[in-house]
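Chemist: Sequence:
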Amino acid sequence: MQIAVIADIHGNDLALEAVLTDIEHHGITDIVNLGDHLSSPLNAACTVDILMARNFPSVRGNHDRWLVTLDPADMGRSDRAAFDQLSSHHLEWLRSLPATLIYHDEILLCHGTPESDIDYWLEDLTPKGIVHMADRHLIRERLAGVDFPVVLCAHTHVARMVRLPDGPLIVNPGSVGCQGYYSDEPIPHKVETGSPDASYAILTKINGKWDATFRRVAYDHSAMASLARERGREEWANVLETGWLDPASS
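For my numbering, add 112 to where a residue sits in the sequence shown, where the first one is 1.
Just so you know, these hints were derived from the structure itself, not from any lab.
Note that the Cβ used here is the ideal one computed from N, Cα and C, for glycine as well.
Do not rely on the hints blindly, as some may be mistaken.
DEER-style ranges, computed between Cβ atoms [stated by the list, open to error]:
hint: 1; residue 1: Lys321; residue 2: Met245; range: 20 to 30 Å
hint: 2; residue 1: Arg189; residue 2: Ser338; range: 13 to 23 Å
hint: 3; residue 1: Gly188; residue 2: Ala157; range: 15 to 25 Å
Cross-link-like lysine to aspartate or glutamate pairs, in silico, EDC-like; alpha carbons within 20 Å at most [to be verified]:
hint: 4; residue 1: Lys321; residue 2: Asp278
hint: 5; residue 1: Lys240; residue 2: Glu304
hint: 6; residue 1: Lys317; residue 2: Asp142
hint: 7; residue 1: Lys321; residue 2: Glu218
hint: 8; residue 1: Lys317; residue 2: Glu218
hint: 9; residue 1: Lys317; residue 2: Glu346
hint: 10; residue 1: Lys317; residue 2: Asp278
hint: 11; residue 1: Lys302; residue 2: Asp217
hint: 12; residue 1: Lys302; residue 2: Glu218
hint: 13; residue 1: Lys317; residue 2: Asp231
hint: 14; residue 1: Lys240; residue 2: Glu297
hint: 15; residue 1: Lys317; residue 2: Asp259
hint: 16; residue 1: Lys240; residue 2: Glu353
hint: 17; residue 1: Lys302; residue 2: Asp259
hint: 18; residue 1: Lys321; residue 2: Asp217
hint: 19; residue 1: Lys302; residue 2: Asp231
hint: 20; residue 1: Lys317; residue 2: Glu136
hint: 21; residue 1: Lys321; residue 2: Asp259
hint: 22; residue 1: Lys321; residue 2: Asp142
hint: 23; residue 1: Lys302; residue 2: Asp236
hint: 24; residue 1: Lys240; residue 2: Asp278
hint: 25; residue 1: Lys240; residue 2: Asp142
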């Protein structure tokens, strides 16, 4: 059994199409989606149309939640840019998504953790805002009684797999459409992957044991960087172009 895991598309329809083509090339028809589908200065409407047509098992991310709960005037720039592209049926689709989902009776899907769509699961921060892998005891704490052989999470855009001793396989597939970001919560920090390529994961079950591999997929990231730049979002343009938030010349 093989399952493709996608997450954090962030309105990048070109990256999504490239990933779906790569998944098809591998002969995988089972796909699950871990949220933050649309928020960006990119192509929210095109992206949601693709997702609604394919109808993958999906959970909502924090940005998906904000798109349907916040007044547009209170939204961040990327959420508002996406919201302005969406129709009522797109928003209804977002509202229909659950916070968590159990797939094939043994895989738990969430965006951040089962308790929160804004908490990191496999990462932690130093007091100076440096992102690093979380201590295994903290990772286990965040399980909060979850008892499934596989847990899928997203939110940090960092592809990572952790296999806890006597515990589940926890997998973050990385981000399809956004390879870095700035955040002020819980303290100011940034995440950068150092590559513009789209990321996803493949779960494989052999002889009752689950494992994961990661795929990096090239696509026309320059086109999406140009679109972000045209729309006045230089930090988005940089990270789409290079995987780094600062300009290549800095």
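Chemist: Each hint should be assessed against the structure and marked as holding or not.
Modeler: Status of the hints after comparison with the structure:
| no. | hint | result |
| --- | --- | --- |
| 1 | Lys321 <-> Met245: 20 to 30 Å | holds (23 Å) |
| 2 | Arg189 <-> Ser338: 13 to 23 Å | holds (18 Å) |
| 3 | Gly188 <-> Ala157: 15 to 25 Å | holds (18 Å) |
| 4 | Lys321 <-> Asp278 | holds (13 Å) |
| 5 | Lys240 <-> Glu304 | holds (16 Å) |
| 6 | Lys317 <-> Asp142 | holds (13 Å) |
| 7 | Lys321 <-> Glu218 | holds (12 Å) |
| 8 | Lys317 <-> Glu218 | holds (11 Å) |
| 9 | Lys317 <-> Glu346 | violated (42 Å) |
| 10 | Lys317 <-> Asp278 | holds (18 Å) |
| 11 | Lys302 <-> Asp217 | violated (35 Å) |
| 12 | Lys302 <-> Glu218 | violated (33 Å) |
| 13 | Lys317 <-> Asp231 | violated (28 Å) |
| 14 | Lys240 <-> Glu297 | holds (12 Å) |
| 15 | Lys317 <-> Asp259 | holds (18 Å) |
| 16 | Lys240 <-> Glu353 | violated (27 Å) |
| 17 | Lys302 <-> Asp259 | violated (32 Å) |
| 18 | Lys321 <-> Asp217 | holds (15 Å) |
| 19 | Lys302 <-> Asp231 | holds (15 Å) |
| 20 | Lys317 <-> Glu136 | holds (18 Å) |
| 21 | Lys321 <-> Asp259 | holds (15 Å) |
| 22 | Lys321 <-> Asp142 | holds (17 Å) |
| 23 | Lys302 <-> Asp236 | holds (12 Å) |
| 24 | Lys240 <-> Asp278 | violated (33 Å) |
| 25 | Lys240 <-> Asp142 | violated (40 Å) |
In summary, the structure is inconsistent with hints 9, 11, 12, 13, 16, 17, 24 and 25 from the numbered list given earlier, while agreeing with the others.
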